[in-house]
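All residue numbers for the sequence shown refer to our numbering, where the first residue is 1 and numbers rise by one.
Among the clues, some could well be false.
Okay, the calculated beta carbon distance ranges per label pair [as the list claims (entries may be wrong)]:
1. T2 with K50: 25 to 31 Å
2. D18 with E108: 27 to 33 Å
3. G55 with V149: 23 to 29 Å
4. P20 with L93: 25 to 31 Å
5. R112 with T5: 17 to 23 Å
6. T2 with R122: 39 to 45 Å
To be clear, the hints were calculated from the coordinates, so they are not data collected in a lab.
Here a beta-carbon is modelled for each residue, glycine too, at the ideal position from N, C-alpha and C.
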Amino acid sequence: MTNLTARAHALLDRTLDDIPVTRAMQIRLQDYDDESLTLAAPLAPNVNDKGCAFGGSLASLATLAGWGLVALWVQAAGYDCEIYVQDSSISYLAPIWGELAARAELAEGESREAFLAALATRRRARLALVCRMPDESGADACVLEARFVAIVKKSAPAA
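Build out the structure end to end from the sequences listed, making use of the hints.
If you want it as structure tokens, here you go:
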């Protein structure tokens with residue numbers, strides 16, 4: 001297990017303890033490579049009345065993947081931050097009939113370096129991410145576009 005993966009597993013474990021619905025959804029880490037974070041969950045605990053993935057589960061998994069990616073980046077930069085989703089928009093393009101997987105990455109035109117620089121100077125920063133969830137063929141079935149805000153905790157020294 002790489003250091004990146006170990007950090008991602010530790011964050012997910014804390015999240016499972018802090019947000020009960022994440023445990024019920026059976027969320028697990030699928031991949032983290034410092035540029036993106038992919039969280040996965042089985043269909044069974046996230047199914048709707050039609051037998052496909054429940055929209056609320058898709059939104060939750062995608063939002064958590066985005067939040068987790070921001071959390072990992074600020075943690076790696078040495079900050080202790082509160083992280084919030086400021087706004088989001090989700091498109092449900094096709095049903096998902098199997099495993100759920102949400103991959104979060106920077107939205108086009110965004111810069112992690114600029115985000116961290118703003119965090120260093122203003123102790124708060126915003127960052128837009130996109131979280132994609134494929135169907136069984138690999139095509140986008142659900143896409144979340146979200147802006148996250150990180151605010152350095154008042155008791156935390158600047159990095």
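Consistency of the hints with the structure:
| no. | hint | in the structure |
| --- | --- | --- |
| 1 | T2 with K50: 25 to 31 Å | violated (39 Å) |
| 2 | D18 with E108: 27 to 33 Å | holds (31 Å) |
| 3 | G55 with V149: 23 to 29 Å | holds (24 Å) |
| 4 | P20 with L93: 25 to 31 Å | holds (29 Å) |
| 5 | R112 with T5: 17 to 23 Å | holds (19 Å) |
| 6 | T2 with R122: 39 to 45 Å | violated (32 Å) |
The structure does not agree with the numbered hints 1, 6 stated previously, though it agrees with the rest.
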